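*Asks:* Now for the letters of each chain:
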Amino acid sequence: MLTPGRYFLAGNVATAEAALLAGCRFYAGYPITPSSELMEHMAKRMVEENGVFIQMEDELSAISAIIGAAWTGKKAMTATSGPGFSLMQENIGYAAMTETPIVIVDVMRGGPSTGQPTIVAQGDVLQSRFGSHGDYETIVLSPNSVQELFDLTIRAFNLAAMFRNPVIVLSDAELAHMVEKVEVPKSVELIDFNQIEIDMVPSFVPLGYGFRVAVTGLTHNFKGYPITNDVKVHRELVTRLVNKIIKNEPLISDVEIINPDADTIIVSYGIASRAAYPVIRRHKNVGLFRPRTLWPFPESKFKDIVRGKRIITLEMNLRGYAMEVERLGRKYGAVDFKTINIIGGEVPKPSHIEEVL
Amino acid sequence: MYPTINTDYCKGCNLCVEVCPKKVFETGRNITHRGYYAAVVSFKEQCTNFKIPNGGKPLCEICWLTCPEHAIEFKGD
Amino acid sequence: MEFFDFYRQDRWPHQFCPGCGLGTIMNCLYKAFNDLNIDLNKTVFVSGIGCTGRVPGYINADSLHTTHGRAIAFATGIKLARPDLNVIVISGDGDLFAIGGNHTIHAARRNIDIKVIAVNNANYGLTGGQLAPTTPYNMITTTSPYGHREYPFALAELVAAAGANYVARWTTAHPNQLVKSIKEAMQTKGFSFIEVVSQCPVNFGRRNKMGDPVIHLRWIKEHSMPLTKMTFDVSSPYDIVDINTKGIYIVGDLVKRNRAVYGEIEHEVTVKGPKE
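In the order they appear, the protein sequences are chains S, E and A. Under my numbering, read the first sequence as residues 1 to 357, first letter to last. Under my numbering, read the second sequence as residues 1 to 77, first letter to last. Under my numbering, read the third sequence as residues 1 to 276, first letter to last.
Chain S on its own, in the form it takes in the complex (with noise of 0.2 Å):
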């Protein structure tokens, strides 16, 4: 494992090293350009690590095996991308309503289909949140750069244990093989299931140790029996299981604000958003909102900061984050709205900010 200190890696590196920090000691994958770095370098550290490696034969299968080995007590992730990220959506409905602790990293490529598999695009925004049948909610995290990447990849590991609920990162393309500076902290901060004990997240008992447990993706009681026509069971399951993260939202939700005083802010995630900071040493009048969890979204921090304001959002796919920021920014008073979408595998640069201020 990596001893604190100051390296020098690629955002797949970063993300697998940050998971088997966080105690991930279960991978299964199945390679898809542009997260196959990840899964490679995870098959040469799972070995010395004493964990367990397995390539899969599909994705489907990929986020099965690390459902059933999270079900075992064990901190288990998957890396994929665009077309293997919509081919496991079923299963995490099938994580929400089981409420299975796992960690999806989503290395986005552009899309729709195959599309650009080399190339940068945040098109599965909508997707990480809405993917599956039904209502579940997950929790989103974007990083900005390598460090953060590494530092989300932990803190989704902690987020999955403390709301039984999978978790996804949303790493991208340029992210992904982009090397920078990486510094791993003294300690690191861990939460194991059960740890602490949060409003709405029922505990955690796992497969295999005499429990009897019964899991199942119907709608089921407090045993875990399924009960599938009854209006009172299901309603209160389902309540509580998007409670649990639309309520707990401001224990989530984690921001970074820059100028909240200013008349105009831009909001923006991941990789685009680092597009803003020229603009913002540039321009008095213009502050930054970049969510680091974009879902759910952190609204207990947005309202405070919204009212009177202009609304820049600026993100790499045409439909995305912009439709939630205008809603709860219309809620809370913001008084005009803009977008900049930029795909096609364009990192956004400042001008293109600088052209609608």
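No wet-lab data here; the hints were simulated from the structure. Check each hint, because a few of them may be wrong.
Simulated restraints, written as ranges between beta carbons of each label pair [claimed, not checked]:
1. S:243 / A:130: 31 to 41 Å
2. E:42 / A:3: 22 to 32 Å
3. S:323 / A:128: 33 to 43 Å
4. A:227 / E:57: 41 to 51 Å
5. A:149 / S:243: 17 to 27 Å
Which chain A residues stay away from chain S? Per the calculated CB distances, all over 10 Å, these [as the list claims (entries may be wrong)]:
6. 38
7. 60
8. 69
9. 77
10. 138
11. 140
12. 143
13. 161
14. 177
15. 184
16. 186
17. 210
18. 218
19. 257
20. 258
21. 260
Here the structure is a predicted model, which means the values were calculated and not measured. Ideal placement from N, C-alpha and C gives every residue a C-beta, glycine not left out.
With the hints as your guide, set chains E and A onto chain S.
*Replies:* Relative to the frame of chain S, chains E and A by itself:
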């Protein structure tokens, strides 16, 4: 001991009538409280296990194994 | 171990139709586990979707009722994470061989130490009797109202070819042999697979003049022949693929072998690079 049929469980599929090599069972004619024609044990003395004392290991338990509802139980008098 | 130590009494009676073969298979499972005295605290039952997928929910052990087709992939994760557990997959033919066919053959190829009981009722019972990859030729189902025009999979042979250590096929008309086979599978290291041909009188039988479970069971019995009585001949009229016309289900232990189990393979470099 010989087989008895628990009418709380029996759904009247008559598989026991079919599989018993000694023809101990017969198709029932009376409807149970669950609405099925439960099979009946008509010739219990023909059962292979008839002479085995209660609680012993049955020699043949094909009816017990086949009964999908777990309605058959071996009992003695 | 009493019957209701093995099954959850608070969930009994089960939901299966009158005359369903799953009840028979559940009895056989109990008997095999009782005879071998397997510790249920160290046993995990995994299932997919379907009638058979509901069976682990009745067993008083850890159970994982998963998404459609992925039971074996989930089981793989459990077994690799906790190699000391007995991992048993009970699922139907549609789940394991239609939507989840890829996982089944790959798990057999890896020869991972999980036990699979595939209940073959020749149709999709839970959704109302649609055709399955195991529906015999010319049989009528709700999605083949004029007769099925495809040939069925030979499940056991397929898994045997993929490399499993133990492969058997039995039917609900052979409960004693099935108990023996489950015991054999539990004691075999590596991927063990038992196909159980089962009756589905309500959804499959009813549309094929076998609505009475007794008649359906009789049909299965007539269409099955022990492996020991088979003569292997290229011109043999017994062919699994056209079971309806002249074929039969070959029952018995099809494969018993001792291939290295996944996770126990020694890391040896056997393939050398090109000479310089």
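*Asks:* Broken hints, numbered, in rising order?
*Replies:* When the structure is compared with the hints, numbers 4, 5, 7, 8, 9 turn out to be violated.
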